[in-house]
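Please build the complete structure, drawing on both the sequences and the hints.
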Amino acid sequence: MSPSTDTVWIVVAAYNEARVIRSVLADLLELYDHVLVVDDGSQDATAPEARSAGVTVVEHPINLGQGAALQTGIEAALALGADYVVTYDADGQHRPKDVEELVEALVQADVDVALGNRFTGTARNMPRLRKLILMAASVFTELTTGVRISDPHNGLRAFTAGAASRLEIRQNRMAHASEIIAEIGRHDLSYVEVPVEVRYTDYSLEKGQQGLDAINVLMDLITGKINH
Amino acid sequence: MIIKLLLSAALAIVAAYAITQRRATRFFHSTLVLLTLVGAYFVWFPEQTTAIANHLGVGRGTDLLLYSWIIISLFLLVSLYLQMRRQLHMITKLARRLSLQSLLGGETGRAEGADRPNESASGTRSSPIDNSPPGHA
Chain A
1 MSPSTDTVWI VVAAYNEARV IRSVLADLLE LYDHVLVVDD GSQDATAPEA RSAGVTVVEH
61 PINLGQGAAL QTGIEAALAL GADYVVTYDA DGQHRPKDVE ELVEALVQAD VDVALGNRFT
121 GTARNMPRLR KLILMAASVF TELTTGVRIS DPHNGLRAFT AGAASRLEIR QNRMAHASEI
181 IAEIGRHDLS YVEVPVEVRY TDYSLEKGQQ GLDAINVLMD LITGKINH
Chain B
1 MIIKLLLSAA LAIVAAYAIT QRRATRFFHS TLVLLTLVGA YFVWFPEQTT AIANHLGVGR
61 GTDLLLYSWI IISLFLLVSL YLQMRRQLHM ITKLARRLSL QSLLGGETGR AEGADRPNES
121 ASGTRSSPID NSPPGHA
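As given, the protein sequences belong to chains A and B, one line each in that order. Note that the working numbering numbers the first sequence so that position 81 is 81, with each residue one more than the last. Note that the working numbering numbers the second sequence so that position 46 is 46, with each residue one more than the last.
Incorrect hints may have been included.
Label pairs and their in silico Cβ distance ranges [stated by the list, open to error]:
hint, chain 1, residue 1, chain 2, residue 2, range
1, A, M126, B, W69, 43 to 53 Å
2, A, R128, B, S79, 40 to 50 Å
3, B, L74, A, P61, 55 to 65 Å
The following residues of chain A were derived to be distant from chain B, with all beta-carbon distances above 12 Å [as the list claims (entries may be wrong)]:
hint, residue
4, T7
5, N16
6, R19
7, D27
8, L29
9, D44
10, G54
11, V57
12, P61
13, L64
14, E101
15, D112
16, N117
17, A136
18, T144
Think of the hints as simulated: they come from the structure by calculation, not from any bench. Quantities reported herein were computed from a predicted structural model and do not represent experimental measurements. Virtual Cβ for every residue (Gly too), placed ideally from N, Cα, C.
Dropping the structure here:
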């Protein structure tokens, strides 16, 4: 595989992000050509805003959740010929430069998955409670999946096409983050953690996961295990 | 006495409904009829519940009924919850198929075993509506 000609598709799952989606996409488009936005049944102008930025848009007919949106985006990106698939948040918490870091790491380390890690990277303005919850999530994820990831809820992830095609994200909502880690364990995929920057703006904090979501995530994972 | 008549009437209605719905419900309806018969038996011979209860080490028949009800309810709740999850998964697959068809026009990329899209045009094959559970987990 030659890094310079390989196609990188960036998948952005978005729900009601009309306010910021265009500027997030504009930043990405400075570095990358292939961006796919999955509009997860937004009630606002997310889809038209994304289209006017010039990216490919897939719309869910109903709101299914971020996990479902990522799965749809990954399948679409693979169908469109991606060699690498990168997931990226729609709310402006990530930096486009970090996409380069992730893909570079995939190639250099010759692994299946590169996972963004804000704890070895930079986490600007992170609320203390959020940090505690995330660290607890890391421990919980290790207990349930056997895979030790420092920042399992980081939305910045890169996959080779081969790895991406084996992913089966069945958790529609917030438990998808732990499920992706579980999938890495299940398929025995090789991975590397890469320091990245996560910026907490007032906008993203408004929209971020609340403490109670942690309980919902726990329930989803437990019953998810019953189902499988 | 009045309560026995009221309960018997209620059970009879449930049994009648189950029997009329037998085509829609496979064997659920016969289980239900069986349950109404068992229920009717205990309505008319409530002393029997105490006999059975004592046999099992429970003080009163009503206590036994309560325990049984709790266990049955738990099973039912778990079963319903799992069913809901399966349905959510089916809805998700459906919605995803729609989204991807819009984007990719006819090709949806990923084959998922039983869910592989029918590649010939819809008019050439008639598929019966299939209510059986999906082939894979």
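Here is how each hint holds up against the structure:
{"no.": "1", "hint": "A:M126 x B:W69: 43 to 53 Å", "in the structure": "holds, 49 Å"}
{"no.": "2", "hint": "A:R128 x B:S79: 40 to 50 Å", "in the structure": "holds, 42 Å"}
{"no.": "3", "hint": "B:L74 x A:P61: 55 to 65 Å", "in the structure": "violated, 35 Å"}
{"no.": "4", "hint": "T7", "in the structure": "holds, 15 Å"}
{"no.": "5", "hint": "N16", "in the structure": "holds, 17 Å"}
{"no.": "6", "hint": "R19", "in the structure": "holds, 23 Å"}
{"no.": "7", "hint": "D27", "in the structure": "holds, 23 Å"}
{"no.": "8", "hint": "L29", "in the structure": "holds, 19 Å"}
{"no.": "9", "hint": "D44", "in the structure": "holds, 18 Å"}
{"no.": "10", "hint": "G54", "in the structure": "holds, 16 Å"}
{"no.": "11", "hint": "V57", "in the structure": "violated, 8 Å"}
{"no.": "12", "hint": "P61", "in the structure": "violated, 5 Å"}
{"no.": "13", "hint": "L64", "in the structure": "violated, 6 Å"}
{"no.": "14", "hint": "E101", "in the structure": "holds, 28 Å"}
{"no.": "15", "hint": "D112", "in the structure": "holds, 18 Å"}
{"no.": "16", "hint": "N117", "in the structure": "holds, 29 Å"}
{"no.": "17", "hint": "A136", "in the structure": "holds, 25 Å"}
{"no.": "18", "hint": "T144", "in the structure": "holds, 18 Å"}
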